[in-house]
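Taken in order, these protein sequences are the chains called Z and V.
Following the numbering used here, the numbering of the first sequence begins with 2 at its first residue and continues without gaps.
Following the numbering used here, the numbering of the second sequence begins with 36 at its first residue and continues without gaps.
Errors might be hidden in some of the hints.
Reference excerpt, derived from the structure (chain V facing chain Z, CB under 10 Å, subset only) [as the list claims (entries may be wrong)]:
| hint | residue |
| --- | --- |
| 1 | 75 |
| 2 | 124 |
| 3 | 127 |
| 4 | 138 |
| 5 | 249 |
| 6 | 250 |
| 7 | 305 |
So, partial list: chain V residues that the calculated Cβ filter (under 8 Å) puts toward chain Z [what the hints assert, rightly or not]:
| hint | residue |
| --- | --- |
| 8 | 123 |
| 9 | 125 |
| 10 | 132 |
| 11 | 142 |
| 12 | 273 |
| 13 | 310 |
| 14 | 313 |
| 15 | 314 |
Everything labelled a hint here was simulated from the structure, so no lab data went into it.
C-beta: ideal position from N, C-alpha, C; glycine also.
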Amino acid sequence: MRERLVIALSAVLLCLVPLVVPNYTLTLIVEALIFGLFAMSLDLMVGYTRLHSFGHAAAYGMGAYSTALILLHFNLPLPIGIILGVAISVVIAIPIAWICTKSTGVSFAMLTLAFAQLGYAMIFRFKDISGGSDGIGGIPRPAGPFGIDFFQSKSGYFYLVVFCLVGSYLLCRAIVTSPFGAVLTGIRENEAKTRALGYNTRAYKMAVVVMAYGFGSLAGALYTPFAGFVAPELFFWLVSGRVLIMVIVGGAGTLIGPILGGICFMLLEQQLSEVTELWPLIFGSIFIAFVMLAPDGIWGLLTKRFRSKQVVPGDGEDGETSRATP
Amino acid sequence: MNFAGFIVAQTLNAFSQAAILFFIACGLTLIFGIMRIINFAHGGLFMVGAYVGYSTVAYTGSFWLSLLIAPITVAAIGGIFEKVFLSKLYVRQDAGAYLMLTFGLAIILAQAVHLIWGPQPRSVAIPDLLRGVVVILNQPFPIYRLFLIAIGAAAAIALWQFLERTRAGLLIRAVSQNAEMVHALGTDVALVRTGIFMLGCAIAALGGVLSAPLVTAFLGMGSTVIIDAFVIVIIGGMGSFLGSIVGSLLVAFVQVFGAYYFQDMALAIIYLLMLLVLIVRPGGLLGKEQ
Numbered sequence: 002m003r004e005r006l007v008i009a010l011s012a013v014l015l016c017l018v019p020l021v022v023p024n025y026t027l028t029l030i031v032e033a034l035i036f037g038l039f040a041m042s043l044d045l046m047v048g049y050t051r052l053h054s055f056g057h058a059a060a061y062g063m064g065a066y067s068t069a070l071i072l073l074h075f076n077l078p079l080p081i082g083i084i085l086g087v088a089i090s091v092v093i094a095i096p097i098a099w100i101c102t103k104s105t106g107v108s109f110a111m112l113t114l115a116f117a118q119l120g121y122a123m124i125f126r127f128k129d130i131s132g133g134s135d136g137i138g139g140i141p142r143p144a145g146p147f148g149i150d151f152f153q154s155k156s157g158y159f160y161l162v163v164f165c166l167v168g169s170y171l172l173c174r175a176i177v178t179s180p181f182g183a184v185l186t187g188i189r190e191n192e193a194k195t196r197a198l199g200y201n202t203r204a205y206k207m208a209v210v211v212m213a214y215g216f217g218s219l220a221g222a223l224y225t226p227f228a229g230f231v232a233p234e235l236f237f238w239l240v241s242g243r244v245l246i247m248v249i250v251g252g253a254g255t256l257i258g259p260i261l262g263g264i265c266f267m268l269l270e271q272q273l274s275e276v277t278e279l280w281p282l283i284f285g286s287i288f289i290a291f292v293m294l295a296p297d298g299i300w301g302l303l304t305k306r307f308r309s310k311q312v313v314p315g316d317g318e319d320g321e322t323s324r325a326t327p
Numbered sequence: 036m037n038f039a040g041f042i043v044a045q046t047l048n049a050f051s052q053a054a055i056l057f058f059i060a061c062g063l064t065l066i067f068g069i070m071r072i073i074n075f076a077h078g079g080l081f082m083v084g085a086y087v088g089y090s091t092v093a094y095t096g097s098f099w100l101s102l103l104i105a106p107i108t109v110a111a112i113g114g115i116f117e118k119v120f121l122s123k124l125y126v127r128q129d130a131g132a133y134l135m136l137t138f139g140l141a142i143i144l145a146q147a148v149h150l151i152w153g154p155q156p157r158s159v160a161i162p163d164l165l166r167g168v169v170v171i172l173n174q175p176f177p178i179y180r181l182f183l184i185a186i187g188a189a190a191a192i193a194l195w196q197f198l199e200r201t202r203a204g205l206l207i208r209a210v211s212q213n214a215e216m217v218h219a220l221g222t223d224v225a226l227v228r229t230g231i232f233m234l235g236c237a238i239a240a241l242g243g244v245l246s247a248p249l250v251t252a253f254l255g256m257g258s259t260v261i262i263d264a265f266v267i268v269i270i271g272g273m274g275s276f277l278g279s280i281v282g283s284l285l286v287a288f289v290q291v292f293g294a295y296y297f298q299d300m301a302l303a304i305i306y307l308l309m310l311l312v313l314i315v316r317p318g319g320l321l322g323k324e325q
């Protein structure tokens with residue numbers, strides 16, 4: 002209940018943001034929120050099913066590129082463009098999920114990486130469509146259906162992103178708390194046992210991979226019309242590495258943690274890179290500090306503080322969050 | 036251009052490419068075999084090796100000395116990192132933690148190189164002894180690439196013999212099979228781990244020094260080469276030393292001949308190869324089935 006209150010409160014606070022912050026800061030915040038969504042989508046795989054994907058950039062890149070091509074070549078309203086972009090990505094994700102779930106562990110990670118890098122290579126292969134290394138520029142932000150055009154402005158787009166982020170969060174939450182989500186947790190804890198209980202774990206894993214790619218491609222699709230351009234780097238493995246770090250720094254298996262991780266990561270990066278040339282050094286050190294000192298991530302730190310004040314020791318709830326890290 | 040000469044030249048090219056790839060892939064696979072760590076910093080260590088090699092040549096004028104100093108420096112960095120950070124995590128058995136730690140180190144190394152050597156690429160001259168070309172079947176071929184093939188083959192054989200014939204090699208293989216049992220039999224497993232990590236770093240640095248005269252030392256060299264190395268390790272089988280040799284050769288040949296015959300698909304082709312191998316044999320060609 003308290004958690005729900007906190008979420009509702011933060012959503013309301015988020016909605017007030019465009020009224021108080023300057024224009025430039027708003028750009029940063031929108032990008033940070035998009036990355037929060039991206040990190041959360043990966044958490045479905047990493048945190049809940051223990052499928053360490055090392056190619057989640059594929060989801061982002063597919064969403065970004067398909068939306069870019071749709072908006073560029075068809076005169077469609079923006080939301081329709083984004084929805085179609087996600088739909089295309091989900092369709093492409095199905096065979097990827099089918100192949101990747103054939104294996105587990107490290108080779109699963111490497112298969113996902115292979116697909117992301119394959120996407121990267123394909124951008125260069127089909128230069129005529131994708132623009133090759135130049136990427137695609139000048140992507141429009143067309144007005145919506147029925148003449149709705151409020152998301153053409155930056156603050157309007159901010160609300161669109163907040164809407165998608167909160168909506169996706171509620172959807173993902175519903176997924177992980179459903180019986181379906183319980184099976185996923187079963188796979189995370191012990192796949193062989195879950196299979197022995199009669200669940201077709203491969204099908205569940207495929208489903209969660211497709212879902213994660215779907216939400217991830219939504220993040221990419223939201224990025225495209227906002228930035229106005231796409232580049233092949235969206236597929237590059239460093240993006241996958243970064244988002245995986247965001248999930249772990251935020252606190253895997255909590256959904257809200259990766260969102261926070263993604264937002265903090267992006268905002269810190271943008272701020273620090275302006276202030277000092279040393280920011281990568283600081284970043285690297287932050288990761289290392291988190292691994293060594295706070296393995297449960299940001300959300301783990303927050304809730305631990307919260308718990309030690311609020312919860313009576315020995316309460317049955319204890320230890321639930323600490324198991325979240327894969 | 037005669038066909039036989041072309042094939043021979045390309046084959047030699049592929050072998051020299053395989054030598055460079057082997058230097059980075061074998062350290063990666065050895066470290067994985069012993070520690071179950073995917074070392075993301077390995078590309079960074081390779082790059083640091085190249086830069087330290089550059090500085091050694093710049094100050095002493097001796098390429099041969101750089102082949103000694105760079106691996107020692109990088110092994111020291113790796114050893115300190117392993118002792119101070121990685122070794123604290125072995126009890127936790129958490130793949131995500133290793134990932135973050137080595138990713139963090141990779142970022143720090145990249146920035147450190149940027150700060151110390153600056154953003155511009157640094158070229159290293161080929162030593163006098165290895166400059167020039169030899170003519171093979173009417174095709175000129177650089178002597179330096181032949182040298183790479185020789186040193187790559189020598190390193191592969193030496194490491195293989197080290198792993199198969201010496202007591203240290205026996206311990207390394209034993210730890211990769213069952214670390215607890217080796218520990219129970221009275222061997223300092225922590226020491227073996229530190230040793231293998233340092234060895235892997237040293238070999239990567241050697242590869243970095245050797246590749247610097249070919250491609251110059253540049254800031255992105257770590258992040259491009261590490262992905263090739265991952266592909267090799269996956270194809271060959273995680274933790275398999277012979278697999279890293281086979282994988283290096285396979286990837287190098289596919290890259291060299293693929294770039295010629297399928298120019299459009301040059302980038303994609305090694306990932307397609309990796310997908311194919313993983314689908315047919317999820318554990319890699321010479322790896323254990325997972």
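Hints, one by one, checked against the model:
The interface hint given for residue 75/V holds, since its Cβ lies 7 Å from the closest Cβ of chain Z, which is under the 10 Å cut-off. Interface hint at residue 124/V: satisfied, since its Cβ lies 7 Å from the closest Cβ of chain Z, which is below the 10 Å cut-off. Satisfaction of the interface hint for residue 127/V is found here, the shortest Cβ-Cβ separation to chain Z being roughly 7 Å, below the 10 Å cut-off. Proximity of residue 138/V to chain Z holds as hinted, the smallest CB-CB distance being about 6 Å (cut-off 10 Å).
Nearest Cβ of chain Z to the Cβ of residue 249/V: about 23 Å, over the 10 Å cut. The hint is violated. Proximity of residue 250/V to chain Z is violated relative to the hint, the smallest CB-CB distance being about 19 Å (cut-off 10 Å). Evaluation of the residue 305/V hint against chain Z yields a held restraint, the C-beta minimum of about 9 Å falling below 10 Å. Residue-level restraint check for residue 123/V holds (minimum Cβ-Cβ distance to chain Z is 7 Å; threshold 8 Å).
The interface hint given for residue 125/V is violated, since its Cβ lies 13 Å from the closest Cβ of chain Z, which is over the 8 Å cut-off. Of the supplied interface hints, the one on residue 132/V holds, with its beta-carbon coming within about 5 Å of a beta-carbon of chain Z, less than 8 Å. Annotation: residue 142/V was flagged as interfacial toward chain Z, and the flag holds, the nearest CB pair being 4 Å apart, inside 8 Å. Taken as an interface hint, residue 273/V checks out: its beta carbon lies about 6 Å from the nearest beta carbon of chain Z, inside 8 Å.
This hint holds: residue 310/V has a C-beta 5 Å from the nearest C-beta of chain Z, less than the 8 Å allowed. Interface restraint check: residue 313/V against chain Z, minimum CB-CB distance 5 Å, threshold 8 Å, status holds. Annotation: interface hint on residue 314/V holds; nearest CB of chain Z at approximately 6 Å, less than 8 Å.
The structure shown violates the earlier hints numbered 5, 6, 9.
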